[in-house]
Amino acid sequence: MTAVPEALDQRFRDAAAVAGLLDVSYDIADTPVGPLLVAVTELGLCRISYDPEPDRQVEELARTFGSRILRAPRPLDPVKRELDEYFEGRRHEFDLPVDLRGRTDFSRLVLEQLARVPYGEVTTYGSLAARSGRPKAARAVGTIMNRNPIPIVLPCHRVVGSTGSLVGYGGGLDRKRLLLDLEHAPV
Amino acid sequence: MEAVSIPPFERFYEEHRTAVFGHLVRLLGRQRAEDAFQETFLRALRGYPALRHGRHLKAWVFTIATRVAVDESRRERPRTTITDEPTGEPERPAYAQLEHLAEELPDKERAAVVLRYGYDLPYDQIADALDSSEDAARQAASSGVRRLRRRLT
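Those protein sequences? They're chains A and B, same order as listed.
Heads up, the first sequence is in this note's numbering, so the first residue is 295 and it goes up one at a time.
Heads up, the second sequence is in this note's numbering, so the first residue is 634 and it goes up one at a time.
Please note that a few of the clues may not be correct.
To be verified - Just some of the chain B residues that point at chain A, by a computed CB distance under 10 Å: (1) R644; (2) E648; (3) G655; (4) L657; (5) V658; (6) R659; (7) R663; (8) F670; (9) F674; (10) Y750.
To be verified - Computed beta-carbon distance windows for the label pairs: (11) A/D345 <-> B/S776: 44 to 54 Å; (12) B/R707 <-> A/A313: 20 to 30 Å; (13) B/G687 <-> A/Q304: 21 to 31 Å; (14) B/T651 <-> A/R395: 28 to 38 Å; (15) A/R441 <-> B/D668: 42 to 52 Å; (16) A/G427 <-> B/P739: 48 to 58 Å; (17) A/P346 <-> B/D753: 40 to 50 Å; (18) B/G680 <-> A/P391: 27 to 37 Å.
If you are wondering where the hints come from, they were derived from the structure by calculation, not from laboratory data.
Computed from a predicted structure; not experimentally measured.
Quick reminder that beta carbons are idealized off the backbone N, C-alpha and C, glycines included.
This is chain A alone, in the form it adopts within the complex (with noise of 0.2 Å):
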């Protein structure tokens, strides 16, 4: 067996990416809360994954947005940028597209009031609902949270209980915790 020069191939997977003919490029990107998957397509980013092991979550993103996907770092070249100034507390704000489709028009709605929740600070699961127009939907609003596809930029670790307590987090509440040190939250 002839092994493919690592050169070689890192030269493909940018090329693919170059000449535009990826549905999703995805990358692990090395964080402080541990490996992240995080990947893209043309519209904007569509997954920060805590689950390091592509293979389920390259399976679902193929379906989602179309089987050509391939690891290819360069086009998550500005995330991981975005994300090492995040951790390193001087980015308070993502300037990153994302891309929401596969999701409900009920979980857009509320993922993007979630995204306006500024930094250091927390909103409730009520709170939430009660600004993506159904006041009565906290349950529906915390499933929509724990399946958040694109955690850390859309800020669900700052989405708490009424009572102030964590609640749970998708990534685990140490995750949570973590984050909402960084920011200082108060909490």
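Use these hints to put chain B onto chain A, whose structure you have.
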């Protein structure tokens, strides 16, 4: 036949890149295989959305690789003289006339016919592309040819 879904491209690439590279090195030598490798998988990406199922993907990508290698060889050896006398081998005119018919063959037979008669690959390499034995590759090529003959008569 059971439907075989099309895998995410990353999985397809991971699964076949080593074999495709080896195939290209055998056809072109190490240096030129590198350019052909990239072109092969870029062509595969372009064609990927048109695939209707995930069967015989190795044969499919080997066919692309072989086509790229042939293009590469022709590009490297441009004709410098024009002569009325035929020189060297003809450029597979017989196969060129049959190529459009081969499109209608079942996947495996088409790949075997294209690789054998279009590109003169030996049966051991065709077997490699089809993930089958040499005998099975020979059989696929000959039943493909029989099918083509029936269509022509």
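For this session: Please write out, lowest number first, the hints stated earlier that are contradicted by the structure.
Result: When the structure is compared with the hints, numbers 2, 10 turn out to be violated.
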